[in-house]
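Following the hints, put chain Z in place on chain H, whose structure we already have.
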Amino acid sequence: MAKPQAEMLKSPAPKEAVVKAPAVPKVEVAPEQLVYANVLLYGSWLGIALLLLTNVIYLTGLVRPYIEPSMLPQYWGMKASEFVQVAHIPTGWGWISMLGYSDFLNFIGMALLGALTIIGYLILLPAYLSKKDMPYTFIVLTEIVVLVLAASGILAVGGH
Amino acid sequence: MFDWLAAIAGGGLAAKATAAVTTTGVAVSNAAGNTAIPWWVWPLLLFVTTFVLGIVAVLGGVGGGVLFVPIVGSFFPFNLDFVRGAGLLVALAGALAAGPGLLKLNLANLRLALPVALIASTFSVVGAFIGLALPNNVVQAALGLTIVLIAILFVISKNTEFPQVGNSDRLARFLNLGGTYYEHSSGKTVNWSVWRTPQGLLLFIAIGIMAGMFGLGAGWANVPVLNLLMGAPLKVAVGTSKFLLSITDTSAAWVYLNQGAVLPIIAVPSVVGIMLGSFVGVRLLAKAKPKAVKYLVIILLLASGLRSLLKGLGIWN
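Chains H and Z are the protein sequences, given in the same order. Using our numbering, the first residue of the first sequence is number 483, and each one after it goes up by one. Using our numbering, the first residue of the second sequence is number 1421, and each one after it goes up by one.
Looking at chain H on its own, in the form it has when it is part of the complex:
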């Protein structure tokens, strides 16, 4: 005999067997590695977004460029050293003084992408120091020196 609907509504639904997925074993990841990962995650996408935005500003002429894009075919076939001389392009960090021009605005995103690894290593350094892991403290410190030297523009190709 069928139950009245109200009673049927009150009756609990039959329990189905619940199968739990096996838990994925956690692999221990050092906390500084996770922080480094997040620096790369947010920094890389911010850098790429900046590149896109500043490139649109540059190509659309919203801000005046140093070299008009239409003039670039005269330069992009030259060696970089020749281009720098002929077009009077600042080398090293001289681009900062040129941020009023839209082509140099693009360097902000590029510099951010280039800085992320240095920032990541600065996060690793105190972690290895606190663990008294001297070999890796030395490796991280030396790498910071290499990257900062490369970024500084102090090193230069001789004889442009």
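It should be emphasised that the hints constitute simulated quantities derived from the structure, not laboratory data. It cannot be assumed that every hint is accurate.
With a straight-line cut-off of 25 Å between C-alpha atoms, the simulated DSS-like cross-links for lysine-lysine are [claimed, not checked]:
#	chain 1	residue 1	chain 2	residue 2
1	Z	Lys1655	Z	Lys1608
2	Z	Lys1714	Z	Lys1655
3	Z	Lys1608	Z	Lys1578
4	Z	Lys1524	H	Lys614
5	Z	Lys1524	H	Lys613
6	Z	Lys1578	Z	Lys1714
Positioned in the frame of chain H, the structure of chain Z alone reads:
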């Protein structure tokens, strides 16, 4: 969302991708000989080319840099200095975007990566200066030869998922090189270690120099050294290699940036194109046939390598 692309691709995604790259390459070659081409055609062609390369690179399991420099350097009117500068930024952007996931899953192992990265990044600076100082025809010919050798390496190299590793060498023990990662296919946690560390580090000197000199990503060399020579499991080798690129390419990219060898009109469309192409490539990966795409990559490398070599020798300009 990408079903329409796969449907258009139909029976032969690799063939369609070959046709796309070939058609684009012919268009670029024709345009390069025509001085009446408006300036904006070049960044547009570059974007389209790198978008296709991004798809092919993911499907073929290679980095974008190793395809970008020889192809753009051979078929576009840009000086090789600017192509290499852009190539390093392309490889760097890709490595930085992939790094977080690899670090969080411990597929990029810091203990293995940091000493290797120190060697490779130091010598990539050296390579960058050598590359910028040498005449373009010398670099072009050397690049062409290197790309042809890379294509041959892709043919003969047989990476091993779990290499047999002998007793760890003294350096590996001193640095405590090794780690653990979770292997989904077997449902097991894998403990691993490496050996032949001094030999591996020596090879990374050469890898660093080539990465800086040619503006290549170096993943094509990192993975065989980490996997076949040093014995790291393949997934760890691939993950650590990708992460390594972010360090190696950072130091070399700064040299090119500081020397005025990066033109935003070349670098930015390339970075955006390859990133978008990679995004699409990942979505198509499940439908692609890995072997067919691998052959496509080898053909592209051989063609662009030979073109670069002949261009450098002044035989085919």
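Evaluation of the provided hints:
no., hint, in the structure
1, Z:Lys1655 - Z:Lys1608, "holds (14 Å)"
2, Z:Lys1714 - Z:Lys1655, "holds (18 Å)"
3, Z:Lys1608 - Z:Lys1578, "holds (24 Å)"
4, Z:Lys1524 - H:Lys614, "holds (23 Å)"
5, Z:Lys1524 - H:Lys613, "holds (20 Å)"
6, Z:Lys1578 - Z:Lys1714, "holds (13 Å)"
In this structure, none of the earlier numbered hints is contradicted; all agree with it.
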